[in-house]
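> Residue-level listing of the chains:
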Amino acid sequence: MARFLKNREASNGRAPGEIVFIGEKKVQEATLKMIDYDNENLLEQEIIDLNESIAFKDTPTVTWLNINGLHDTDLIKKIGDGFDLHALVLDDIVNTSQRPSMEEYDDYLFMVLKMMYYDEAAKQIKSEQLSIVLGKTFLITFQERPGDIFDPVRDRIRKQKGRIRKVGIDYLAYALLDIIVENYIMLIERFGEQIEDIENEILENPSQKILSKIQKYKQEMNYLRKTIRPVREFILQLSRLDSDLLQDHTLPFIKDLLDLSTQAVEGIDSYREMLSDHMDIYNTGINNRLNEIMKVLTIFSAIFIPLTFIAGIYGTNFENLPELHFRYSYFIFWGVLVSVAVFMLRFFKRKKWL
Amino acid sequence: MARFLKNREASNGRAPGEIVFIGEKKVQEATLKMIDYDNENLLEQEIIDLNESIAFKDTPTVTWLNINGLHDTDLIKKIGDGFDLHALVLDDIVNTSQRPSMEEYDDYLFMVLKMMYYDEAAKQIKSEQLSIVLGKTFLITFQERPGDIFDPVRDRIRKQKGRIRKVGIDYLAYALLDIIVENYIMLIERFGEQIEDIENEILENPSQKILSKIQKYKQEMNYLRKTIRPVREFILQLSRLDSDLLQDHTLPFIKDLLDLSTQAVEGIDSYREMLSDHMDIYNTGINNRLNEIMKVLTIFSAIFIPLTFIAGIYGTNFENLPELHFRYSYFIFWGVLVSVAVFMLRFFKRKKWL
Amino acid sequence: MARFLKNREASNGRAPGEIVFIGEKKVQEATLKMIDYDNENLLEQEIIDLNESIAFKDTPTVTWLNINGLHDTDLIKKIGDGFDLHALVLDDIVNTSQRPSMEEYDDYLFMVLKMMYYDEAAKQIKSEQLSIVLGKTFLITFQERPGDIFDPVRDRIRKQKGRIRKVGIDYLAYALLDIIVENYIMLIERFGEQIEDIENEILENPSQKILSKIQKYKQEMNYLRKTIRPVREFILQLSRLDSDLLQDHTLPFIKDLLDLSTQAVEGIDSYREMLSDHMDIYNTGINNRLNEIMKVLTIFSAIFIPLTFIAGIYGTNFENLPELHFRYSYFIFWGVLVSVAVFMLRFFKRKKWL
Amino acid sequence: MARFLKNREASNGRAPGEIVFIGEKKVQEATLKMIDYDNENLLEQEIIDLNESIAFKDTPTVTWLNINGLHDTDLIKKIGDGFDLHALVLDDIVNTSQRPSMEEYDDYLFMVLKMMYYDEAAKQIKSEQLSIVLGKTFLITFQERPGDIFDPVRDRIRKQKGRIRKVGIDYLAYALLDIIVENYIMLIERFGEQIEDIENEILENPSQKILSKIQKYKQEMNYLRKTIRPVREFILQLSRLDSDLLQDHTLPFIKDLLDLSTQAVEGIDSYREMLSDHMDIYNTGINNRLNEIMKVLTIFSAIFIPLTFIAGIYGTNFENLPELHFRYSYFIFWGVLVSVAVFMLRFFKRKKWL
Amino acid sequence: MARFLKNREASNGRAPGEIVFIGEKKVQEATLKMIDYDNENLLEQEIIDLNESIAFKDTPTVTWLNINGLHDTDLIKKIGDGFDLHALVLDDIVNTSQRPSMEEYDDYLFMVLKMMYYDEAAKQIKSEQLSIVLGKTFLITFQERPGDIFDPVRDRIRKQKGRIRKVGIDYLAYALLDIIVENYIMLIERFGEQIEDIENEILENPSQKILSKIQKYKQEMNYLRKTIRPVREFILQLSRLDSDLLQDHTLPFIKDLLDLSTQAVEGIDSYREMLSDHMDIYNTGINNRLNEIMKVLTIFSAIFIPLTFIAGIYGTNFENLPELHFRYSYFIFWGVLVSVAVFMLRFFKRKKWL
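Going down the list, the sequences are from chains A, B, C, D and E.
First residue of the first sequence: 1, per our numbering; consecutive thereafter.
First residue of the second sequence: 1, per our numbering; consecutive thereafter.
First residue of the third sequence: 1, per our numbering; consecutive thereafter.
First residue of the fourth sequence: 1, per our numbering; consecutive thereafter.
First residue of the fifth sequence: 1, per our numbering; consecutive thereafter.
Calculated from the structure, these hints are not laboratory results.
Since the model is a prediction, treat every value here as computed from it, not as a measurement.
Honestly, I wouldn't trust all of these hints.
Which copy? The list can't say, so a pair holds if one copy fits it or any two copies do.
Here are the simulated SDA-like pairs of lysine to any residue, each with C-alpha atoms no more than 20 angstroms apart in a straight line [unchecked claim]:
| hint | residue 1 | residue 2 |
| --- | --- | --- |
| 1 | K352 | N200 |
| 2 | K216 | E196 |
| 3 | K349 | I286 |
| 4 | K209 | N283 |
| 5 | K352 | N205 |
| 6 | K209 | D277 |
| 7 | K123 | D197 |
| 8 | K352 | E201 |
| 9 | K77 | A55 |
| 10 | K126 | F150 |
| 11 | K159 | V20 |
| 12 | K161 | D74 |
| 13 | K33 | D49 |
| 14 | K351 | S207 |
| 15 | K213 | I198 |
| 16 | K209 | I286 |
| 17 | K213 | I286 |
| 18 | K351 | L203 |
| 19 | K216 | M186 |
| 20 | K351 | E204 |
| 21 | K349 | E204 |
| 22 | K255 | S97 |
| 23 | K351 | I210 |
Pulled out of the complex, with its shape left as it was, chain A reads as follows (with noise of 0.2 angstroms):
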């Protein structure tokens, strides 16, 4: 399968906003969490029902509400109804293959992005679709499976930890976009310390395994970039964003993610870079090679050849070859043979082929 576009098969002549799940089914069932908070209180619960958290879309708390699993189409639509969400964003919830982008509604903000991880078995990145609605008193996200990545907020909401219970929703938005972008951050840099480090075994060994390393990781960075550029945009429009939903004191946050991601964006410019400096100098390496070959070729071709020509002419059956008969012959032969050799590597390390 193609991985740069995913397989958009089933959509094909779908209505658009009429909500067909694209992608791969990763969990059994779709499970809900929902948290709860304001400066003094917090509830945290497992939502089985899910009128029970419609009920506090509309009370001034934060509430946060995480969706594991897309393929449940069912209740897709009926968090979309109880929630007010166009279709189109339900639409693009459910299709993992949307590129990550941001969506700014009357009542809310919507976002679609991508968390990566390092697959060890299939040996690439892998990208799981994240969508977040970003409401004035709710917050939802939308992840293809369960996953820790969250964990470390939610921690710092349980134990009030930072300002993270103080401060609005939008903060908590903030909290988790930082997250992704930290983990971009981290997936490129255990990239970069591998691209860095085979560049002096490419100088030494220029080996075929390398050339496919060298392609693994153009294309494992190719991916990336792929990824997280569209997130720098959006990132970028958010904090030029003028809405009710962002309040003044979270825009230096979303300007330091700004910042966090534009550091993502270069770092993969700045390792592709160095790959393609891999790849020149694997070429190089490998001409280098040729060289050396032909030395050997050429050093060993020239020196023998005059020599066997001129045992050549001492093994005619000339009847009359005067040289054979002298008592010495053989010996002046070899002064002969000795001196072409000789004279050869002399020509030879003039030319600084030895």
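With chain A fixed as given, assemble chains B, C, D and E onto it according to the hints.
Relative to chain A, chains B, C, D and E alone:
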């Protein structure tokens, strides 16, 4: 014939706005179909007398007129007169070498774009021109020949599926564009899979055939890019258009379409880059091969040339050649040959050529 | 002489605005033709006395004055005085190394651009400068030498074909520009066909001649691009111009022209890219060839060198060389030779070199 | 460790705005120095109790507080409280992997940038983070360890050299930035000289060592670029800033600084391009060498292989081989050998291989 | 010394705005010349006492003061005081490593740019810094050493040629800039001719010398580009400037100048691209050569190696070797040799290697 720029000879010396068909005649006779609907009623019919459909022009219902076949310039002219279209619009409709673009006129929007499909016979992507005129109460589509690409939309109209019957004519235009762009993505994805697949083949066996394949894919991708990028441009334009012809609630759909077309363009660029990487690996593979060939040659030469030389020496006919007369000379001679060969093999082993 | 930057030596030390002809003199004597028309009347004549035509300057009819030949700077100056042209305009008209551009003056627009044609003798694209002065009631064109490129327009004027006689002078200017740009496209297309065609040739037989061809096409494409891109720029400028000289109903035509020139520029870029790909295939083809040559050499050497060595052994003159004296030695010897050869052939077969 | 993206593990799961030191601890203990001056008075002292310096915060004199060492987060927090700094500012100060940037807060500007120096031991460019907080009456600089880079500014303050004592605190900030950027340029220039110098070496002797050098320079240039480009960006931002903190008469100095940083960035780009050209010449040099090697091999082989063949013929033992028995056969044989050799040499001369 | 970034060591630690000469001292003593004129009167004199010329500062006549030699910083300071120039302006004037730029001050415009000339001795393009201060009634030019580049302007002033005496001081500034840019173009053109010329040489004989030439031209083009691009930028800025110092009727001239400088930049880019193509052909040429060399080697080897082998067989000393004893063996042997050779030649002919 140049695929990237169609032949315009026919248009030479023609007055601008004069309607001359440029392209290949793809149907015997042009046919017209009309669908007229509102939320309650639906009328679908083949049109024989054009005036029938012009009568529907100003009714508040949605009137969608589809023309298959562009060579009948008289017909096009009549439609132009009937629906008050600018001469340039008619000119662009019959000139199938038109660059995708959108033009805003007083009472209607005019869009030209391309439908793309893979021609199995010619093993090339081919394109057909689609022109859309979007008025207040009518929408006219001009295709080069009958096709079933819009059938899903017709189906949704007939079955009142989704919102299509409830909302305005601009949504119909969007629905058509959406199908076109979805088709682009499917085409890109189809090539994408093949492109991702040939990578292993290149590393293992960099044959001439693969080179041709890479080149072919490159050109198809270039062709796609050339056609799809301007489409993305005009959708962007559309999303920023301030016109009565587009209602507010259609805007999110247009933005979604913009995202989709961005995804198409980015997908193409990813694959172009991948092909460029493929080309690099291919070249490196060839060089690796050359190295291997040269290694074999050098090893053979470097081992046997000295051996042959030694044999040559004892093939000389010097009268006084003492070694020839010792009893074990021949066996010592073999000993020397084997030693030299072993020494050379070790030498190459140390050089890691073996 | 440098084609990409014409010799400006003549202009050295000249005062700006001083009129010095820079270029090649392409006609013996400058000639003037005038066409004056409105919807009803048409007057066409060769001008001898310039004052004749200046008289038409302020009449409400469309006055189109065409000058062939630019070396007669006195004449140019007289025209400048007669039609109140800025010194810089006159300077640009006679300097045939001018970059295509448009300048807005108080009472007229001044445009410089190039007509391009393929010079069969020099096997190069050559260009001629065309300057257009568009006033309220007059239009003056300056060509380097008489040409028939505008004949279709004259024809349409004479035969009242299309809208040309009914609308204003800005439409005439558009019609001229349209012909120029259509000519660019035809020129590009002509090269394009050849460029698309050589691909197969490259794969089959990467000869030196093809290399020269690719290079030649590259330079022609660069030359076209250098000349056409600024034309596209000023048409864009024109389409955004807010001036009395352009009437509203001419705007769609200008936009159409803009599309056409964009198509020209994109076409050039496509072919440039294709040529760059051609160059890549060419180089890969050469490397493939080298591989094939080396394979042949290696196979021959690797088979015969050991054989020769074995023959050499039995050519030695050792007194005690037992194998020589067995009855069937010679035939066993042949057996060994054939076995070695067969073994080597198998070895190369396994390596897929055969 | 990846140089292009510093390790951020420590920050994982941390609340944004929570102050966690990320980086290498470069000093044992953080030290504080304060300079307080106006046109008449100057006070310079080592700070032990932070409150001493906070007292100077609102006095109209210029108060410059310099902190060396960032690992003491308690100290940083105290400074933050004393000078009313935003939590994110403190966070950025202690995170030494920060991207150079500028942020405008209500009462102060916050700038992060890097000081660069060549680490002779590691043979790499290293960077240290410098943070600057510019308030109305105070300026705080945070360095990773004590350095003498700002000594010239201190000197000018002490000696009342130039305008520094007469103008405001924004000029002081400018003076510090100016020294940083001048240092960038000197670093670039230092590498630039070496880069310009290796060109001849490459043409003469394209060794493996030079390849490593080119690669090393490339990476250092990339590193410089990555660090300096965002500095240029924020100086540009600074030059367009509309803030009370910058006085009008400082603007020309900022613009001068912008020019300087543009020069730095352009210089880097020039050298990057030059290195890329160097790489090209290197590769061409290698190919030229291969050609030379092959020429030698070919000449030797082509001359001696036919000669050896001829000698081989007269080494055969045919009973009836007439030439062997003529008296002068051997000498004629030599004549033939010499003729063949001469002919081959001429052949290669004509081919210009000799 | 690095040519792309001049040595700034002297400026290290210097206060900004402090005037320190950076560069090479190119004249013994600085000299001053003044021209003062209006439409009727003209005064031209060598200045000894600076106060003489300062007296002319506020007269309504055009006062053009030209200084040759920049090392005399005292003189520069006096001029600065006399004409009320900002410290940074003076600083930029004496720092000959300044990037071309324009700065608007309250009462004057300050421009720095480079005059370029080809130094025949060093075989390099060299540049000299030219600073222009354009006030309301005075214009000051600072050159590194006396030059005759402005003589044509002085001549036009003296001879009242063109409009120069009739219009204002801004026209004088334009005239000077015009000469500079015309000189750029002539320099580019001069290199351009040589660059266009070497193409044939490359195809015919890709020698090491040509490689050096290409590299040299590349660097010169890069150097030109680095210097001329910022000049184009500030002319663009100038053309958009809204200042009393520029009169309306000078604007068309500035725009013409902008066109000229665009032409210069585009010319450089064209030649850079051409050089890059040259490099490609050069490399392909080398590869073609290698192919030819290998072909010769392979043909020789493949023909003679089997022949030598056959000769070797009949050189063996087997007692029982029947073929040796037939009467016509030797002649049959020759027949076999010739057949093999003919067969090989045909083989290579079929492969199109001959």
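> Give a verdict on every hint.
Results of checking the hints against the structure:
1. K352 x N200: Between copies only: 18 angstroms across chains, 26 angstroms inside a chain, cut-off 20 angstroms.
2. K216 x E196: both (14 angstroms within a copy, 12 angstroms between copies)
3. K349 x I286: between (24 angstroms within a copy, 18 angstroms between copies)
4. K209 x N283: Both ways: K209 and N283 sit 14 angstroms apart in one copy and 16 angstroms across, limit 20 angstroms.
5. K352 x N205: So K352 and N205 pass the 20 angstroms test across copies only (10 angstroms; inside, 23 angstroms).
6. K209 x D277: both (17 angstroms within a copy, 16 angstroms between copies)
7. K123 x D197: So K123 and D197 pass the 20 angstroms test inside a copy (18 angstroms) and across (16 angstroms) alike.
8. K352 x E201: Result: close only across copies, 15 angstroms inter versus 26 angstroms intra.
9. K77 x A55: within (17 angstroms within a copy, 42 angstroms between copies)
10. K126 x F150: Result: close within a single copy only, 18 angstroms intra versus 35 angstroms inter.
11. K159 x V20: between (39 angstroms within a copy, 18 angstroms between copies)
12. K161 x D74: Answer is between; shortest inter-copy Cα gap is 17 angstroms, intra-copy 37 angstroms.
13. K33 x D49: within (11 angstroms within a copy, 50 angstroms between copies)
14. K351 x S207: between (29 angstroms within a copy, 14 angstroms between copies)
15. K213 x I198: Both: 9 angstroms inside a copy, 17 angstroms across copies.
16. K209 x I286: For K209 and I286, the Cα distance is within 20 angstroms both inside one copy (13 angstroms) and across copies (15 angstroms).
17. K213 x I286: both (16 angstroms within a copy, 18 angstroms between copies)
18. K351 x L203: Classified as between; 15 angstroms across copies, 24 angstroms inside a copy.
19. K216 x M186: Classified as within; 18 angstroms inside a copy, 25 angstroms across copies.
20. K351 x E204: between (24 angstroms within a copy, 12 angstroms between copies)
21. K349 x E204: between (24 angstroms within a copy, 16 angstroms between copies)
22. K255 x S97: between (28 angstroms within a copy, 16 angstroms between copies)
23. K351 x I210: For K351 and I210, only the inter-copy Cα distance (19 angstroms) is at most 20 angstroms; the intra-copy one is 33 angstroms.
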